[in-house]
Structures are given as C-alpha cells and as structure tokens.
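Asker: What follows is the residue order along each chain.
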Amino acid sequence: MTKIDKNIFKAAWSYDDAPESTDHIQIKKQYDLYIDGEFTKPVKGKYFDTFNPANGNKIASVAEATTEDIDIAVKAARKAFKSWSKLSGKERGKYVFRIARLIQERAREFAVIESLDGGKPIKESRDIDIPLAANHFFYYAGWADKLEYAFPNRKAKPVGVAGQIIPWNFPLLMAAWKLAPALATGNTVVLKPAETTPLTALKLAEIIHDSGIPKGVVNIVTGAGETGAAIVNHLDVDKIAFTGSTGVGKYIRNATAGTNKKLTLELGGKGANIIFEDAAIDQAVEGIINAIFFNQGHVCCAGSRLFVQESVAKIVIEKLKRRLETLIVGNPLDKNTDVGAINSKKQLDIIENYIKIGLNEGSEIYQPECNLPKTGNWCAPTLFLNVSQSNRIVQEEIFGPVLTIQTFRTIGEVIEKANNTPYGLSAGIWTEKGSKIFKLSQKLNAGVIWGNTFNKFDATSPFGGFKESGFGREGGLHGLKPYVKFE
Amino acid sequence: MIPNLKNLPTFDKVGVHERVDQFRKRSIKNTSKAQGLKLALSMIDLTTLEGKDTTGKVQQLCYKAMHPHDSLENIPNVAAICVYPTYVGVAKKALEGSKINVASVATAFPSGQANIEAKLSDTKFAVDQGADEIDMVISRGKFLSGDYQFVFDEIATIKEACGKAHLKVILETGELDTLDNVRKASEIAMYAGADFIKTSTGKIQPAATMPVTYVMLNAIKDYYLKTGKMIGMKPAGGISTSKIALQYLVMLNEVLGEKWMNNEYFRFGASSLANDILMQMVKAKTGFYQSPNYFSKD
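Going down the list, the protein sequences come from chains A and B.
Mapping to this note's numbering: the first sequence position 391 is 1250, numbers consecutive.
Mapping to this note's numbering: the second sequence position 160 is 166, numbers consecutive.
FYI, nobody ran anything at the bench for these hints, they're computed from the structure.
Any given hint could turn out to be false.
As the list claims (entries may be wrong) - Listed next, the in silico EDC-like pairs over lysine to aspartate or glutamate satisfying Cα-Cα at most 16 Å (straight line):
#: 1; chain 1: A; residue 1: K1298; chain 2: A; residue 2: D1317
#: 2; chain 1: A; residue 1: K1074; chain 2: A; residue 2: E1223
#: 3; chain 1: B; residue 1: K12; chain 2: A; residue 2: E897
#: 4; chain 1: B; residue 1: K12; chain 2: A; residue 2: E1291
#: 5; chain 1: B; residue 1: K265; chain 2: A; residue 2: D864
#: 6; chain 1: B; residue 1: K31; chain 2: A; residue 2: D1137
#: 7; chain 1: B; residue 1: K31; chain 2: A; residue 2: D875
#: 8; chain 1: A; residue 1: K1180; chain 2: A; residue 2: D864
#: 9; chain 1: A; residue 1: K1315; chain 2: A; residue 2: E897
#: 10; chain 1: A; residue 1: K869; chain 2: A; residue 2: E1136
#: 11; chain 1: B; residue 1: K35; chain 2: A; residue 2: D875
#: 12; chain 1: A; residue 1: K903; chain 2: A; residue 2: E1085
#: 13; chain 1: A; residue 1: K1194; chain 2: B; residue 2: D27
#: 14; chain 1: A; residue 1: K1180; chain 2: B; residue 2: E270
#: 15; chain 1: B; residue 1: K39; chain 2: A; residue 2: D875
#: 16; chain 1: B; residue 1: K235; chain 2: B; residue 2: E270
#: 17; chain 1: A; residue 1: K938; chain 2: A; residue 2: D875
#: 18; chain 1: A; residue 1: K1014; chain 2: A; residue 2: E1291
#: 19; chain 1: B; residue 1: K35; chain 2: A; residue 2: E1291
#: 20; chain 1: B; residue 1: K19; chain 2: A; residue 2: E1291
#: 21; chain 1: A; residue 1: K862; chain 2: B; residue 2: E24
#: 22; chain 1: B; residue 1: K235; chain 2: A; residue 2: E1085
#: 23; chain 1: A; residue 1: K865; chain 2: B; residue 2: D228
#: 24; chain 1: A; residue 1: K1173; chain 2: B; residue 2: E264
#: 25; chain 1: A; residue 1: K869; chain 2: B; residue 2: D228
#: 26; chain 1: B; residue 1: K232; chain 2: A; residue 2: D864
#: 27; chain 1: B; residue 1: K19; chain 2: B; residue 2: E264
#: 28; chain 1: A; residue 1: K865; chain 2: B; residue 2: E264
#: 29; chain 1: B; residue 1: K232; chain 2: A; residue 2: E1065
#: 30; chain 1: B; residue 1: K12; chain 2: A; residue 2: D986
#: 31; chain 1: A; residue 1: K1292; chain 2: B; residue 2: E166
#: 32; chain 1: A; residue 1: K1173; chain 2: A; residue 2: E1228
#: 33; chain 1: B; residue 1: K39; chain 2: A; residue 2: D876
#: 34; chain 1: B; residue 1: K31; chain 2: A; residue 2: D895
#: 35; chain 1: B; residue 1: K31; chain 2: A; residue 2: E1291
#: 36; chain 1: A; residue 1: K938; chain 2: A; residue 2: E897
#: 37; chain 1: B; residue 1: K148; chain 2: B; residue 2: D183
#: 38; chain 1: A; residue 1: K1315; chain 2: B; residue 2: E24
#: 39; chain 1: B; residue 1: K70; chain 2: B; residue 2: E270
#: 40; chain 1: A; residue 1: K869; chain 2: B; residue 2: E264
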C-alpha cells in the first residue's frame, strides 16, 4: 500500500507582507477628557500612556479622570438631559444617524487605530468591528421616533444619566452598543473606555462633536478601575451599563445595591461549542477556529469549551490541528494576519498562567509551529486535549486563544456538561439535522445560541447572558428596554 | 469498487462560502504575486472548444502556447492545449518538440448523452491521435437519478481505454445543484480511476466557482488520507483574470499545500486568463498597464 504522509499538506507559498497603510490616520500626542462638548484637561492633571500591544511602543498619552472630573461630567450630562430628553424622537434620531454616517466615512481610520491600539487583526476591525459599530447607530437611529411601537400602549421615558463602562476587546463596537440605544431613547451619557484601548472612543468623541449633538449629551472620560468606580458610585447617575469581567460586575452590583440605579451587566463566558457526528465536519472545524481564535479569543462569548461527539473526535481533532498550521499569527496591521497580538501584558500573564495550570493538571497541549514576533504580547493558538469537566481550564474563563476539547456520547450528556458552568452567555451547535438544533437551543442555558455558525453579530439581534454572564440585553428591540422607564 | 457514499462528509453552503471569502481576502503582493502569476501561467490548459474550430485556429493557439509573450523573459509555457478529438493530430504536430501536452475532451462532450460504445470510440480516437490527457464528462442524468454504479462503471471503462493518457473527469458541477452532490461525484470519480477531477465543461453556467472547487479540494485531501494517492484538480470556465486565479492558488496552498502547487496536480481550464496574466507580468516589469492590443489574441 502507498505510504500516507499526514503532514503532506503544508502550505509552501508564503505571502509577502501586506501592511495596511497608517499614514492617513491622525493621532494626537495627548488626549483630554471629552466633557460638556469640549476636550478638557483633567482636574488633577494626570495622564497615562496607551501602547501598541504588537510592539510595545507608546502611541499616545491619555487623561486620567478622577472623582472630580466624573462629577463635572455627570453634572454636564444632567444639565443636558433637561433639553435632550424633551427633544422629539425624530430630531434625536437625526443625530444618531449622523454619527453612523460619520463612522462610515472614516471607517478606514477607525479600523487602523483599533488594530494599532488593541492588537486585533486589521481584517477583523475593517470587516467586523467598524461596520457593525456603524450598523448599531443606524439601527437605533431608526427606533428613536418609533418608541411607541416598541412599547405599545406604554409611555416610554428616558432613564436619565447613564454611566457606561466598556471593555478592551471590541472598543469602538462596545461604545456603539452602549451609546446608540441610550441616545435614541433620550438619555445622556458618561462613557468610559478601557484603559488599554481608549483611542477609538476618543476618535468617536471627535465625530460626536462634529455631529453637532448638543453639548453634554455625550461625555467620554478615560481612566482605569478607579475612574470606573467613580462613575458607578456617583449619586446622580441613574443607570449603569457595564461590559467586562465577572469580578468587576460583582463589585458593581454590590455598589449599586440599595440605590435607585438601573443596572445591566454583560460579563464573562465559557461558551460550549458542540459538534455532532452528523455535522458538516469541515465547516465545523472552521467554526471551532472562528469560535476561539476570533480576536485572539478575547471574546466574552467565545466558544472556549469544545464538545465533540466521540465517534468523530479523532477526525475533528486531526483536521483542527492541520487547520491550525495555516493560521497566520503576527502583525495586526497586515491584511493577511488571522490572529493578532494579545491586548496587554497583564492579559498575556493571565493566559500564560492558565496554560501552566493546564499543563500542571496533566492535560495534553497542542500548539502549531509559528514564529511569534520577538517584542510585544503574543500567544500561539493553543489546544488542550483530553480534558474533563473538573479541570480548572475548563471551568474558568481564560479570555485568550486557548481551547479545551472534551468528548461526549449522547445529547443528554452534552446538555448537562454544557450547562454545568457558572456562565451562560453563548453556545454553538453543529449538526445537519435541524430538529436537533431546535431541541438543544431549548435546553441550553445560554443567551446566544448559534446553529452551524459562531460569533455572528447583528444590531437587530439581542445579546446578553444568564447566571454569572450577567443580565440585560443589548441589541435589537430588547436593547431599548434598559434605557427606558414607564410611567 | 464503488465507495460507500452513505458516510460522506456533508457540506454547509453558508460555511463554505464564508471560508472561501477568507481565501479571497488574502492580499498577494510583490514577490509572492510574481511567483503566483508564473505558477498560474504554467498551469493553464489553453482551451478552444467550439463548433467553429479549424486547423488554422488550433495551430495558432499552439504557437501561442509555446510563445506566450516573447518580449518577456523567463516565463513558463502553459501546461497543455485542450481541443476536440478531431484536432488532436493537428495540435500534436504543431507542438512537436515542446513539452506542452495535448488534452482532448471526449465521451460526447459536453452533454455526455451517448451510449458507451460511442464514448469509447470517441476516447480511443483521441488517444490514437496522440492525446496525452483525456477530459471526459460524467453522465449527469444517471448521477441525478441515483444510478451511481453506472457513473462509476463508465468512468472505469473510459479509464481503461485511456491507456497511458491521463484521465480528467468533468463533473459539470453547474448541473449537480448541491455541494453534497459535488462531493459525491468527486468520490465516485476518484475511486473509479480519475487522475484529475474537473469542475466544468465551460458550456454550462455556473462553470467553476471557488466554493465548488473548495469542496473538490477537500475530497482530494480526504482521498489522499485514505489511499495515499494524489489526485489533481482542474477548475474550468469563468476564471478569466489573474486576480481570480491567484485566489484559487491561495485556496490550493492552504487546503492541499505545496505538493499540489504545480501543473502536474493543478490546472486552470481557461482561454482569456493567459493574456490577463501576461498583462500583469508586463505591469510588474514596466509599472504600466498596457492596452490589450499589445497581447496576441489567438
């Protein structure tokens, strides 16, 4: 019999560098706080630096807002609320629509800055983050004058001043998720981007300024955890919307308990990605890749726990390993890059620690050969095979390009295991049998369930979690609700 | 023996299209582009399959095959000339002394609606005339009516009649309707003895598409893993520009890899592609796009 060389499929043709040009973007050396329609210096005069995670170079320094600045921002928002909340929905919608158009017009600049500051591949920021962000503003602009249809027979009123704290994994997109529904329903906002990725939110502040929206309606303040705490604890904030880690989410829920603040939390996850033997296997393998290596696994709804039916486990893992070899890891600004840089040194340490834990637990690790750059924060795509439900790497969120692989035998078993987690944000089901998808989507305790795909987002679709993944929904009609109250 | 078609992998159309878009998004520049263009040119089966073909037309095409663009140095020849059986002799003579193969369509191309005797004599005639490669069509009617054994036996019979000539099996994917059917037909063809599997005759729309080619490349991959035998791939029809050809090569590179990146295992069935590649090569050399009038149309 002919000898079969399982490693025959190595790609031979290597692609030349195809870097996206950066000379068209404008980044200031120093950014101030956007409060009451102006860029203002922080009261205490403190600044911090933001870095390019792919090479460690400083990009700009950014103001650190303290309690004093937050107070000024909230006051500005409160003042603006008086007239903004009385503006007709039609007029509010015009501003939101204008912001959407302005994002589209400067999409390329946003994409490059997003990749520079956050480390995600340019093809993702170009094709997913930025278009989706514009999409959200367009979508909610449409609702602004139709709230009586969204909530029939009830009079929906804006909540007031919303404090919004967003994460570093999808900086502009998360800003859009938060701002668009809040503005469309007549709230005013104090928004804080994450300290490692503040630049696109500050660029957004410029656009919002250009849109002519009344001053004080949107205030964008930068800083780290303490700045966020100042927003959460400010007495004149009516609503907190937070996306980020479960730990911080718990702190916020504690802090807002006993106050009149409305709260939505979108927290961590440990999504189950379930491959049945009757799935389209090659597409399922692509789905696994997209579920865990999209945005370096810095995705709260990542499919980080893979469940493969035992009868196809061998073939799926073989195909998956082979596919990993063709992933291009490197410069986020290169148009051919599939997996970019880890967002920060801090996050890299967390991921590496979990890899160590996995090894100590005796799990079998697999990483493809890839030449990681010498400087910057990098982690090779990682698989952990032969793990079980009781492994820590299976139970805890890693938030990086690390996938754990378990096998299952029956539908009942996989439902039990998929739900056996403190989280409940996302799940994926791969089978060519439609009825199976319907059955599982009834039983899986997750806010988002994808059938034969993964990590797909749309402004019209609600997103949110159960259990420790948080509560409240963003996107779609559901996304309006956290920003209104009824008389 | 006909393989078990019950346990074949299935394909999800949305997923396949999404994957193909990833190949399309690869940005091929500078030296990798130059390599890709050369490779693509060397993989072309320069084709004329028309009722109005004549000896003169075929002779001119053969000259073009040997001299794609003499003012460019160090460029490869195309892989083969593809003609109807009646012009195999003409092409063979015109290409004498070159390493360019003569491929001939056979088996009642393009419809395949003839009895096996007619198909066999069609094939034998082409082989006797000196064809190095035979491009046969499968009986799509039989395939769609579920008579897989018939399709399998027919391919096996033609393979035998080919002798030393390589056999390319045209699935005519534009008539097979689903990706799962494409996979099934690929499987039948490979197990029946195909050296190459080929998408289309070029007479039916859609002809070659990237999703269909992706499914066939995966079939080739799985077949290799089962049997250790390398099967070639030929998308044909509709690949008219360098840009599209490079996207196919990216897909080939990332699905099957280096062993398949040559004209022994990959071909483009095309006629106007060659000139577009040449135009790109001249652009790379001079920095300017030339008018199409500077490239010979044979």
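Asker: Hints broken by the structure, by number, lowest first?
Answerer: 1, 2, 3, 6, 9, 10, 14, 17, 18, 19, 21, 22, 24, 27, 29, 30, 31, 32, 34, 35, 39
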